Amino acid sequence: MSRYDKITNNLDWGLLAIVAALIAVGLLCIYSAVRLTAINIFFKQLTWILVASIVMITAFLVDYRTHMRLAWPMYVCMVLLLAAVLVVGREISGARRWISLGFMSIQPSEFAKIIMIIWMAYWSEKKIQIESYGMKDLVVPALFICLPVGLILLEPDLGTAGIVGMIATIMILLIGVKRSTVITLGSLFVSALPFIWFTLREYQRNRILTFLDPSRDPLGTGYHAMQSKIAVGSGGLWGKGYLQGSQTQLSFLPEHHTDFIFSVVAEEWGFAGTTFLLLLYIILITKIIQVGSRAKDRFGSMICYGIAGYFSLHIFINISMTMGIFPVVGVPLPFISYGGSFMFMNLLCIGLVLNVAWRRFMF
Amino acid sequence: MDYVNSNIAGQQVEEEIKGRGKYLTVFVCVLFGILVLRLLNMQIFKGSFYEEQARNNRLRIISTPAQRGKILDRNMEVLADSRPAYNVMVIPEDIRNVKDIARKLALILNSDPREIMDKIKQAKQRPFSPMYIARDISFTQMASIESQLYTMPGISIDITNERDYLTRGLATHVLGFLGEISRKELDKAGEESDYSPGDLIGKSGVELICEGELRGLKGRRAYEVDALGRKVRVVEETAPVSGRDVRLTIDKSLELIAKQALGDRPGAVVAMVPATGEILAMASSPVYDPTVFLSPMSPESWRSIIGDPMHPLENRAIRGLYAPGSTFKVLIASLALREKFIDTKTRVFCPGKYELGNTEFRCWRREGHGSVDLITAMAVSCDVYFYSLGERLGIDRMSTFAKEVGLGRHTGIELKDESTGLVPSVEWKRKRFKQPWHRGESVITATGQGFTLVTPLQLAKVMSGIVNGGRVMTPRILASTPERLEMNLNLSKEELDTIKQGLRAVVDSDFGTARGIKDRMFSIGGKTGTAEVARGYISKLPDSSDIPFKFRDHAWFFGFSPVENPEILVVAVLEHGGHGASIAAPIVRDVIRGYYYSKGLSYEQVRQDNQ
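Taken in order, these protein sequences are the chains called A and B. For the first sequence, the working numbering gives the first residue as 1, with consecutive numbering after it. For the second sequence, the working numbering gives the first residue as 1, with consecutive numbering after it.
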């Protein structure tokens, strides 16, 4: 058997097909959203997909166990970048999230998600113990989680910080934590919520208040949420037809090619289209979880679980946001939303999952 | 590093962790379940609600007003026409910068930016329905707004048909005026109606009563806009249906003669065809400018019209209330004949005054008329003759008769807001003043002074009935209203002939109070009247020109022609005009003369007809 045959035979083609389908849906929607206003965005996205595919292949080819050795260096790099963005980052509407590299801009917090997944997986591999974790065992990882989360909060980027925190929490829970510890920490978190409120910035509070009562400011913060809800709801069962959505085509939907791309799906393809999209997603995620549960080692399965959590949280928060059941935070929809860094990340994750899936046959 | 070396233990933990993947699956399924439920709710159960909202987002519906019907006279001559007008409209939803737009518009329209801002804010209650912010702007203003439209999303210019009163001041009160629909009228019309805020609606006169016919049906144009309020395409268009023309019984040329005869003196003229009830002319003075109500007016100019002591908005022909004065003697004479209190030979001696107990009632002619019979008493308008009739008949008979012939109630004309007038009675006085009726009051009632109040139209209707062989026709002003015989007066032909003789003597006899209007061409019958405004005060002053205007008497005259078979009856009243004979009678004569001229008959023909 040649090396090529081994790759093709054991590769998870189903997973790749689903990802391809999702990317295709995304391209169709972006085309619909920007064809009348900024068609170049569509071609840019095509380029990003090609480049990201190379990232995916690379992530697949390099043995994922290499990352175990790189976990610490990556962690340090991440912290440095997150710190750097606070100093040299471009300020856009009161937040510093992007570092300009001249030819392109990168969003370090986006990469923080995957690096945290790798670092957590590494840490769980190193810290194997028979008993579930108690309070004392969690102090060290908690500190290492809080450092990047805190830096992202300083940018500020509430959405990403929340996602990083939640992914880490999900991973720790999967590693195993004592029930009493879960209860104690849970109630501590809930009672801390009011204090978190006061650390939020004015616009963040406004977003949350407007989420609770969208009519509070129908032309300001609430405008996105309202127009998006109208787009989703007016899609009905079968949708208005591709390129026929009035909310999309007449630009009532703001940022319809990035964070609000789901509304385009919902408006033009209706309930049929949205449930189909959700079906694709759930197949993708269960497949990733399946890869995780069959992985050769703990590091591999934890990476897969982390990635499954990463996708699930993005999908849930993004779609909830477009349907008005979650505040408007800048969380894009995996494989569908326009954006280079995000597409890199998504395909990088897929590359890692394929990597884990493929290497379970190799000892 | 407490790396666990034990392979078995490690294996166990490994399996355990891998097995936890199913918890993750459950967690993810719960999240997706929430999403699906929410989608189901929004897209399936509430789909139509959001669809409506999306529709509102993208569709703007502009109604195109229908051309309002014309108002024509009996000969199809135009009294009120429609002409194009340019208006500034706003769709509040599409306005982005209220302040900026208000400032730009105010500069062009020469108005206050705050006022425009208030209007836009007010319109926000119905964000998707367009509303007028300025009407009937000049062509230059329209052109400069049109050229800047692209900088003012949400603002547009539309063309409507505005009323054009071709002959300003002619039949103003009959035609009435249009004004912007009020909240109350809008509520009354209902949500489903064709009306929207800012529409014009008939507020008085024919414009009000024929609103339904004149208005027509608005057309609509639905077009799609993008998020910036720019028009994308027209989706649907229905043409407006023009309003129907309304034809009146008014004769334009006679109306003009009546108006000119009246001049700018406060008063009213009504010309009526006794046999049919058709109103040929109805003029009221002073007049107002009906166009000022087309655009919203400032509170000051509104107050200046409402607070004008001359009440220019009132149609005095149907709203003005005056004591009938001596014209009332016609009714007293009819009643006395019917009740056999008198016949043509009955004579009364007039020494210039009439005594009742300790009270003395003066005849208008202080030196008295001597012995007079009924015909003479009517011709010279002898007060004493009628004082005596008043005392003998008593208030009950007089008041019953006045009500019987149609006083004290609406005449039945199509116009709204008619006054009912007042027919006093014992009962009425007890209720109104909590006082008993005095015999002296009966005496003065018989000469048309005292409490009785009539409108010019009421007088025209009753007198038409008397000169028309007792057939009282309901007055009408719309050509479409069928002729209606309201009642036959309970008077014999002989009685009516006697009255007519008396009325003719008023003009024809050498002593008649209106002998001055005697015409060689046609015959006129009629009766003068002087409604006392300030009783007693006047008689103390020797010369009427010394009396302040507001205390001067109202002057009445009604006349009809030809006497034998009347084709026209004209009532004229001049407020504070003094004596009816000298002031009001010539107006009636002029209108009757104008009537014959407008018929195109030659002098000889008219004369022959009147023999």
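Source of the hints: derived by calculation from the structure; they are not laboratory data. This one's a predicted model, so the numbers in the text were calculated from it and none came from an experiment. You may find that some hints are simply not true.
Claimed, not checked - Below, a list of computed lysine-lysine pairs in the DSS-like style, where the Cα atoms sit at most 30 Å apart:
1. A:K44 to A:K126
2. B:K22 to A:K296
3. A:K178 to B:K353
4. B:K353 to B:K231
5. B:K218 to B:K121
6. B:K22 to A:K127
7. B:K22 to A:K126
### Query
Which of the numbered hints are not met once you compare them with the structure shown?
1, 3 and 4
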